[in-house]
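Heads up: the protein sequence lines correspond to chains A and B, in order.
Just so we're aligned, residue 1 is where the first sequence starts under the numbering used here, counting upward by one.
Just so we're aligned, residue 1 is where the second sequence starts under the numbering used here, counting upward by one.
It should be emphasised that the hints constitute simulated quantities derived from the structure, not laboratory data.
A virtual CB, placed ideally from N, CA and C, is assigned to each residue, including glycine.
Please note: incorrect hints may appear among the correct ones.
Chain B regions said to be covered by chain A (calculated; three or more residues, Cβ under 8 Å) [said to hold, decoys possible]:
#1 77 to 91
#2 163 to 171
#3 279 to 288
#4 299 to 312
#5 318 to 331
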Amino acid sequence: MRAWLLDESPASRRQAAAGRAYRVTLDLLHNPLTVLGGLIILALILTAMFAPWIAPESPVGQNLSNRLLPPSADHWMGTDELGRDIFSRVVYGARITLLIVALVAVIAAPVGLIVGAVSGYFGGWADRVLMGITDIFLSMPKLILALAFAAALGPGIENAIIAIAITTWPPYARIARAETLTLRNSEFIAATRLLGASHTRLIASHILPLCSSSMIIRVTLDMAGIILTAAGLGFLGLGAQPPLPEWGAMISRGRSFILDQWWVATMPGFAIIVVSLGFCFLGDGLRDVLDPKSARKS
Amino acid sequence: MITERNGQRMTVAAPVYAVARFVLVVGVTFLGLLALTFFIGRVVPIDPVLAVVGDRATDAQYEAARIAMGLDRPLIVQFADYVTDVLRGDLGMSVSTNRPVAEDLARVFPATLEMATLGILIGVSLGVPAGVLAAAHQGRWIDQVIRVFALLGYSVPAFWLGLVGLAIFYAGLGWVSGPGRVAIFYEGLVPTVTGLLVIDSIIARDWDVLRSALSHLVLPATILGVFSLAYIARMTRSFMLDQLSQEYVTTARVKGVPEWRVIWVHAFGAIRVPLITVIGLSYAGLLEGSVMIETVFSWPGIGNYLTTALFNADMNAVLGATLVIGAVFIIINKVSDVLYTLLDPRSR
């Protein structure tokens, strides 16, 4: 099996693809920080999937006789001002975080990809206009822009996701454009064009797939920033609304108790840090393996 | 002869051309910023009129407000009016403070500037040596420690670190003062000259106020500094690694130049120019990062003003603050670009 995967002259496309995936995995496993990052993200996904089985209590059920209990064997992370178990809320919060991160990636990455690919492929006026818009977005402070959008759209988790996505796509457009420029004049594109492929087909099935690896790296590296922005919006009351157990909003609730009941605000913060670090580690590792050119640059 | 004349003309025209280009780029970007804030203020809200008159207004009141706000005119005319107003320094009235937004912003901006400046000083003085150290010991434990620390800077929420800092250093250890800019009984004691309280109190020679101001400033500024530190250290390390793999470094080593001199004089000398861009970018980033920190520390700066306005649905104030932070951000960005081209002989 190993020999088949590492064969230098694969007999089929399937073997080549499997072999490449295997080599990438081997390289990834080589770096302990990358493995740690991968495990953290895996744990996040599993926690989100199996939240009802992992959390000992309901994330929204109140029990006023258990208000503000410090961490103990019964309540690993203590309880909040409404007597809710903080550990259970953090566990359910994984779902919200994963939802935000996934939706932002699903909205922003394709938008950036298409803008960048169209811009690089056609060049000329299309390029100038699209890149002009991208540059304007790039030179804005992201967090402030997200705040202003979220404020105008009104508080809520959907609007927070839209606001973050609006501020996240420009770097993707830049990357996709740079990749497209290097591909545009290559011979295989010219060959496909001679075969009569349309512009749409060329971009969609020949250029976009080749941009994907640098996109994956960049999106993974951006995840930490997206999580922090989402938590920041939640903290300011512009993101997920109570009683949803969003981590940023939970920290915000704990703000009034920070001096005496430190655990209410502190515990959800640890969850944010661990998950963001996980994405950073994984992103760094992916870049080292998939994009050796820039590996040294960090 | 012709080429020579052309060459001469080029050297005279180049700076003029560069300045014109700079003004054009900044102008277009600024117009883009205005378009964005306009869009956010007038187009995105479901109904901006309803936001002003409230949902109990009669149809006549609603229509009157709509006309008073100029919303019955075409969008492009509204935008042109908006741009003229902003260029005249009119950002509208704040609903919550009942004063012109521009006046409010001028009052709160120095507080943010003070905090961000101390923050960047901390970030540079720790981040640059850390990055150089990491590059000089690439792959060793010290490099790993600095790498993990830098990644932590990307993963810790600023507002959370602020709260934890308050709990530990203010409530727990009592080393620093709590939220606010200065103890309440010192407020307004020193005359405002620069708006930067630390400098104002030095001018007034009021050392008690200075001590109180510094002890309020040190924690939020350090936390801001930690975030710029992470980015600066990471970039310094990568610039240094680029240089240390160059042949002139090997030559210097072979000649017997001491290692500290190779690193700090030869290699570091070559990265000063790109570092300026990085520092400029992180300074701009700190102005943005101060929004969260100011909210946590009740620091009376532009970030706190922005978030207070958010809670009061005071869109004029929100957009005004966004505009000012955006404009400062753009200017710092572009100026550090220009500095880069001016200082780097290769890009001339």
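Tested hints:
no. : hint       : result
1   : 77 to 91   : violated (count 0)
2   : 163 to 171 : holds (count 5)
3   : 279 to 288 : holds (count 4)
4   : 299 to 312 : holds (count 4)
5   : 318 to 331 : holds (count 8)
Comparing the model with each numbered hint stated earlier shows that hint 1 is the single one that does not hold.
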